[in-house]
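Construct the complete structure from the given sequences, taking the supplied hints into account.
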Amino acid sequence: MIEPINLHADRFFSSDIIQRDIARKLYNKIKDFPIVSPHGHTDPKWFAENECFSNATELLIQPDHYLVRMLYSQGISMSALGFGKDCEEKELDHKKIWQIFADNYFLFLGTPTRTWLDYVFVNVFNMSEMLCAENAGNYYDTITACLQQPEFKPRALFERFNIEVIATTESPLDDLKYHQKIVDSGWSGKVITAFRPDNVVDPEFEGFEENLQRLSVITKTNIDTFEGYLKSLQVSREKFKALGATSTDHGHPTARTLDLSNDEKTALYLQIRSQKFTSQQADDFRAQMLTEMATMSLEDGLVMQIHPGVYRNHNDFLFAHYGRDKGADIPVQSEYVANLHALLNKYGNDSRFELIVFTLDETSYSRELAPLAGHYPALKLGPAWWFNDSPEGMRRYRQQVTETAGFYNTVGFNDDTRAFLSIPARHDVARRMDCAFLAEMVSDHRLTESQAEKIAVDLTYTLVKKAYHL
Amino acid sequence: MIEPINLHADRFFSSDIIQRDIARKLYNKIKDFPIVSPHGHTDPKWFAENECFSNATELLIQPDHYLVRMLYSQGISMSALGFGKDCEEKELDHKKIWQIFADNYFLFLGTPTRTWLDYVFVNVFNMSEMLCAENAGNYYDTITACLQQPEFKPRALFERFNIEVIATTESPLDDLKYHQKIVDSGWSGKVITAFRPDNVVDPEFEGFEENLQRLSVITKTNIDTFEGYLKSLQVSREKFKALGATSTDHGHPTARTLDLSNDEKTALYLQIRSQKFTSQQADDFRAQMLTEMATMSLEDGLVMQIHPGVYRNHNDFLFAHYGRDKGADIPVQSEYVANLHALLNKYGNDSRFELIVFTLDETSYSRELAPLAGHYPALKLGPAWWFNDSPEGMRRYRQQVTETAGFYNTVGFNDDTRAFLSIPARHDVARRMDCAFLAEMVSDHRLTESQAEKIAVDLTYTLVKKAYHL
Amino acid sequence: MIEPINLHADRFFSSDIIQRDIARKLYNKIKDFPIVSPHGHTDPKWFAENECFSNATELLIQPDHYLVRMLYSQGISMSALGFGKDCEEKELDHKKIWQIFADNYFLFLGTPTRTWLDYVFVNVFNMSEMLCAENAGNYYDTITACLQQPEFKPRALFERFNIEVIATTESPLDDLKYHQKIVDSGWSGKVITAFRPDNVVDPEFEGFEENLQRLSVITKTNIDTFEGYLKSLQVSREKFKALGATSTDHGHPTARTLDLSNDEKTALYLQIRSQKFTSQQADDFRAQMLTEMATMSLEDGLVMQIHPGVYRNHNDFLFAHYGRDKGADIPVQSEYVANLHALLNKYGNDSRFELIVFTLDETSYSRELAPLAGHYPALKLGPAWWFNDSPEGMRRYRQQVTETAGFYNTVGFNDDTRAFLSIPARHDVARRMDCAFLAEMVSDHRLTESQAEKIAVDLTYTLVKKAYHL
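Protein chains in written order, with our numbering: chain A, 66 to 535; chain L, 66 to 535; chain E, 66 to 535.
Any given hint might turn out to be false.
When chains are identical, the list treats them as one kind, so a pair holds in a single copy or across two.
Pairs of lysine-lysine, DSS-like flavour, derived with a Cα cap of 27 Å [claimed, not checked]:
no., residue 1, residue 2
1, Lys411, Lys155
2, Lys519, Lys161
3, Lys110, Lys391
4, Lys411, Lys391
5, Lys285, Lys341
6, Lys411, Lys150
7, Lys255, Lys304
8, Lys246, Lys218
No wet-lab data here; the hints were simulated from the structure.
Pasting the structure below:
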């Protein structure tokens with residue numbers, strides 16, 4: 066028996082009538098605001114070349130590590146999902162892969178992945194039946210056929226999604242040609258880049274030394290000295306700024322920062338370049354480089370983001386055979402108070418500098434991050450991230466952060482995704498959860514309705530644009 | 066003024082009428098499913114010999130460390146509760162001990178202990194007045210008289226409780242004679258054992274070396290070499306399997322695992338057997354033995370359970386005078402991502418292997434365990450355990466686990482108890498809390514009612530049987 | 066548009082009508098109980114000299130680090146708030162500072178600071194308009210004028226606030242002259258001291274060696290030996306007791322305790338006095354001194370409080386220029402199980418001794434502190450503290466503590482504040498949140514209404530007086 070898709074107008078709002086009615090009113094005030102997406106991982110090539118997406122499986126399943134990980138956790142092999150080198154017996158029939166996904170769609174009950182997908186099915190592809198084993202083939206065909214239509218090309222969807230601006234993420238080794246092409250095309254859509262230098266500031270990154278050589282070539286800067294190396298990064302940042310970047314992003318194992326003397330920095334750099342360094346020295350270098358990036362941010366005005374606390378590629382077998390971003394990144398405990406001390410003491414009191422910190426360790430919300438963000442002028446707190454980009458995760462975030470940091474030391478929502486079609490769905494969940502949280506505060510008289518309305522608008526739009534200098 | 070016992074039909078359901086009505090409907094679908102109890106500590110002797118339980122105090126108070134700890138925390142001495150060596154002035158009058166308990170029953174307000182006991186009073190002993198100082202004597206007499214009746218014997222209660230299968234826990238040094246006797250008796254009740262080898266794999270366990278000698282004798286295996294030692298454990302596991310065991314259980318201080326080379330393992334074993342080893346070597350041995358147990362599980366199909374993270378016998382005085390399991394075990398912070406890396410990298414991708422992990426550190430739910438269980442095919446997440454086997458503990462578990470691991474990487478409920486009479490009460494709380502959680506998800510349109518119904522049945526019955534190979 | 070202040074009679078109660086009505090009833094039973102404030106930081110000079118408070122800014126803004134930190138976090142400089150040495154360009158016009166505060170009052174939406182202030186504006190100063198930029202001047206003038214009236218003097222407010230007893234906090238170096246003056250004055254208000262010896266037991270405290278010299282002089286005791294040093298502390302404690310103290314308070318970096326041998330203690334003391342000690346030795350000394358304080362508590366009956374887990378003065382610049390208590394203290398992760406082991410093993414089983422432990426690390430509630438408090442007779446758990454002294458913080462506290470420790474191993478509310486006027490507001494929030502929590506437990510049938518009523522009274526009044534020997 067096929068059921069209709071469950072996308073109720075009041076979804077995520079409390080069933081308490083008082084709260085629900087307030088949430089509805091708040092949501093109606095903000096639901097039509099344009100999407101501001103200051104941090105994400107969509108591919109600029111899509112918007113530069115504006116070609117049709119291929120099919121339902123290649124667009125919606127294979128690139129989505131949230132989705133792949135859950136199927137894999139229940140014993141579905143990577144090859145059955147179409148991954149693997151050519152010599153293996155991987156599934157090549159995309160429709161069969163879609164059928165496997167549909168057969169197992171029940172696994173996603175209660176997860177945000179299902180919420181986002183149902184939203185896409187209804188609002189992008191106009192489906193009305195809930196996806197299941199029986200209608201999988203029809204689903205695949207319908208979506209794939211849609212994708213061949215002009216109104217489903219990247220730029221058309223961008224406009225339909227009411228995106229005011231979206232940031233992608235590139236490394237200093239990227240030539241930014243797609244961003245240049247977008248600019249040159251005269252298209253009105255605003256797609257900007259963001260500067261993510263992990264591969265040239267983390268000595269333990271794969272191919273680090275080769276990356277530095279490439280950086281030197283690209284920036285036409287001699288990097289034999291630490292000064293030269295810093296200069297090359299400055300040159301690269303300028304190039305990013307010229308293509309719209311307003312922020313940098315740093316995905317380090319920890320939030321550790323250091324503020325070494327010039328002599329120490331120089332010595333450490335030469336040690337790292339000698340390619341004979343300890344794991345501790347690599348960590349020191351990463352820690353020092355966060356502070357260097359902050360120094361540059363004060364100069365060039367790029368907002369700095371730190372995303373720490375993930376054990377990348379925990380599954381050695383999976384990484385060896387199928388590579389990165391297949392769902393085997395696992396959060397670990399994170400410390401912010403001692404780790405950010407060096408950086409915050411150097412620049413935390415300067416309100417021209419702006420640092421946005423994220424966490425996957427929710428224990429740091431009330432204990433460390435809200436107290437830090439509620440004190441340092443330079444520090445703001447990023448939204449609930451990755452595994453916590455979910456209704457319950459967002460609720461816990463507001464519950465644990467607001468009383469100490471208020472609403473105004475936070476920066477609105479990040480979708481942080483490469484799943485382009487899910488972007489409106491993700492922003493919609495965030496808006497609904499903010500309204501649900503505010504509605505509860507109004508319902509027990511911690512806020513008035515007019516205060517909540519103002520805050521809802523600020524969380525959805527004003528704070529994002531301000532925090533990211535957009 | 067004596068009040069009636071408060072065992073409302075809607076207990077633990079939200080007072081929100083929409084949620085309450087959904088919860089009621091869900092609960093009515095699952096409340097009569099038989100109890101599947103895959104992990105617990107009841108005494109097989111009860112079911113083998115089927116003798117009457119003695120009296121209210123010896124059955125309900127003294128063996129229950131949840132209960133003893135709370136009374137003790139408020140200054141009631143162990144001797145007043147009937148504990149201690151004979152030379153001491155311990156209370157021998159069970160009725161007086163029951164009176165002390167009744168006088169202090171208010172201490173348990175708001176705790177699951179009181180919920181379970183009230184359920185037992187009503188549903189097993191047909192009491193209707195709330196226990197208090199005034200009716201304590203009558204309570205004691207009524208319960209104790211009941212216990213002399215045939216319908217209150219262990220097997221009769223087992224049947225009345227609608228238990229489909231229950232697992233006890235024994236060590237490799239146990240002769241399993243009671244399990245054998247149950248099988249031989251022809252009784253239809255299914256009581257199986259589970260293999261818990263802590264006393265022969267943890268070098269710091271009391272009497273470890275003697276335990277190994279006994280293991281060697283019992284399994285008729287020479288354990289001078291590491292191979293021989295492993296062989297003896299395999300032999301023992303086979304004996305457990307023959308008496309119905311489908312699982313092993315490992316109560317280690319941490320979840321740390323290692324995967325050493327053969328030479329390292331052999332050397333470490335000899336070091337341990339020399340009885341001159343460091344605390345670090347003992348920890349390495351425990352860590353390696355978890356991996357060895359996983360190897361054996363792949364061969365013999367026993368499901369593996371790890372219960373880490375408890376500081377056992379924190380109170381030296383209490384331990385010295387009154388022994389283990391008196392309420393002085395305290396949870397500590399636990400780490401899973403680095404600790405499980407060796408084991409999961411060896412076997413985590415093999416869906417023939419099944420590892421169920423528990424935690425007392427709730428901070429690991431959303432940060433570590435849900436992400437791990439939502440990725441590795443071999444890993445499932447055990448239910449809210451021990452101190453968290455409670456309404457709020459269960460709610461937090463589902464709220465923090467579901468969005469990343471879904472429902473289908475969890476394994477249903479464990480009562481984990483030696484308090485036999487409380488088993489239906491504990492399963493009832495778990496069923497109610499699952500229904501309350503699902504009802505909230507239906508009420509804010511994250512699930513449909515038919516989805517929630519299916520999940521409720523799976524959490525109560527299907528997933529347990531599947532996870533534990535029952 | 067100026068709005069009225071939002072101080073609804075049902076604030077903090079659930080909008081669910083069933084819960085709200087129960088909460089109302091419970092609150093009506095307890096709202097008029099006198100305030101018992103066993104732990105705080107008001108200035109005894111106020112009550113001794115009973116002079117008028119100066120003006121709105123000096124009374125309500127500048128001493129309140131909750132308030133200053135939030136303004137500072139949004140880029141408002143310390144000098145604009147009137148802080149700094151005279152040479153700087155600090156704002157001297159208190160009315161202008163009040164205007165800045167009013168302009169930024171929206172920053173406090175959703176925080177307890179705003180709740181407390183609105184309560185003070187309405188209930189102490191009879192304001193009805195919500196503070197905003199437009200009415201800031203009038204607000205300042207009205208409050209400042211009030212403060213010149215006799216009915217706004219400290220003793221009058223004390224009586225109006227219905228305070229039964231309040232404890233301040235002094236160090237052994239304090240001459241307690243204001244406390245003596247209060248006693249001598251014959252005023253009926255009960256203001257007692259509490260013994261906080263951090264500055265003479267922490268070798269890393271600023272001026273530690275000089276502090277010891279002063280302690281020796283004040284107590285007329287030779288402190289060249291460890292015995293002498295302990296004797297001087299005993300003498301000091303007696304002096305505090307004579308002025309009403311019933312408790313000691315210890316603000317250590319961690320909860321670590323040690324129980325060294327006499328030889329070790331003596332050697333450690335001499336090392337510390339030599340002023341050549343390592344950071345580890347300083348930590349050992351602090352840890353040992355907690356145990357020594359416990360020994361003295363057993364003798365003199367003072368209740369012992371430990372407040373660990375804060376990184377003090379995280380912002381070096383702020384500390385150097387503006388000193389302590391300006392909002393730059395940040396909580397850190399805290400461990401209690403291993404750290405309290407030495408102390409609890411020595412005295413934890415002795416119910417004549419009473420230790421109240423606090424935390425800023427909420428992860429320890431369910432994992433460590435509730436299990437410890439639910440076992441050791443000597444241990445009680447302090448209320449949600451500092452950053453967690455907030456509606457959500459209190460809710461999390463009860464949700465995570467109650468099921469394991471019950472209500473009766475907690476000690477009621479502490480306001481812990483130097484903001485005298487906010488004391489009734491803070492107690493009111495605590496009473497409301499306890500009632501809201503209890504109402505939920507009644508609404509889902511975990512408690513009866515009469516049980517909840519009894520507990521509400523105990524949490525508000527009975528348990529506080531008992532725990533603090535008042």
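So which of those numbered hints doesn't the model satisfy? Every hint satisfied by this model.
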